[in-house]
Amino acid sequence: NAGVTQTPKFQVLKTGQSMTLQCAQDMNHEYMSWYRQDPGMGLRLIHYSVGAGITDQGEVPNGYNVSRSTTEDFPLRLLSAAPSQTSVYFCASRRTGQETQYFGPGTRLLVL
Amino acid sequence: AQSVTQLDSHVSVSEGTPVLLRCNYSSSYSPSLFWYVQHPNKGLQLLLKYTSAATLVKGINGFEAEFKKSETSFHLTKPSAHMSDAAEYFCVVIPLGSARQLTFGSGTQLTVLP
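Residue numbers (this note's numbering), protein chains in the order written: chain A, 10 to 121; chain D, 4 to 117.
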């Protein structure tokens, strides 16, 4: 099992550009989520999904869109990047009914 | 809302000395509590978790944590620090009724001096 994978590892964007952060898991986990990590603030939940076709907002959803067309993939879209979105983004997954989440290696995003 | 507070943003210890990373939670009930570790430029790895079984929880790499309901604490300890323990540590709570969504503390950066 590869676990949770994320691409790209690092990305630089200009303000106003769009991009998609990819996340995939091969553990057949129903629940997937996106977090952003900023210094001194821990990780904050952006969006999550409890299964294919179902998504919901977390603590900091503004400026981000998600979709879940398959169990394996959960992409995060930035439609118009802003410098405030400079952060490290983590994707995570877990099995329904369990509490332990498995994290991907992260994507470092710099918005100029 | 239930939350978790890590009392120290930075902790520095000498190699071979004990480690104590402090975490307090606010909750009317006994939540599920976790410690995750993040090594530089790496993802998060689960160290240990408390889910209302034994109050003393043993994790990987010699770490353990004790759940103290009377003090609403879940401090992480290790008897003897190793250079490889240098990392950032996050205390995490799953509040009651949150659909198992994680709430993270702000993190504690552990430095291990030779």
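Quick caveat, the hints were computed from the structure, so don't treat them as lab data. Take these hints with a grain of salt, some might be off.
In silico DSS-like links for lysine-lysine, alpha-carbon gap of 30 Å or less [claimed, not checked]: (1) K52(D) to K72(D); (2) K45(D) to K61(D); (3) K45(D) to K18(A); (4) K72(D) to K61(D); (5) K23(A) to K45(D); (6) K71(D) to K61(D); (7) K72(D) to K18(A).
Evaluated hints:
1. K52(D) to K72(D): holds (15 Å)
2. K45(D) to K61(D): The hint holds at about 23 Å.
3. K45(D) to K18(A): holds (11 Å)
4. K72(D) to K61(D): holds (17 Å)
5. K23(A) to K45(D): holds (25 Å)
6. K71(D) to K61(D): holds (15 Å)
7. K72(D) to K18(A): Roughly 40 Å between the alpha carbons, so the hint for K72(D) and K18(A) is violated.
This entry does not satisfy hint 7, going by the numbered hints stated previously; all others are met.
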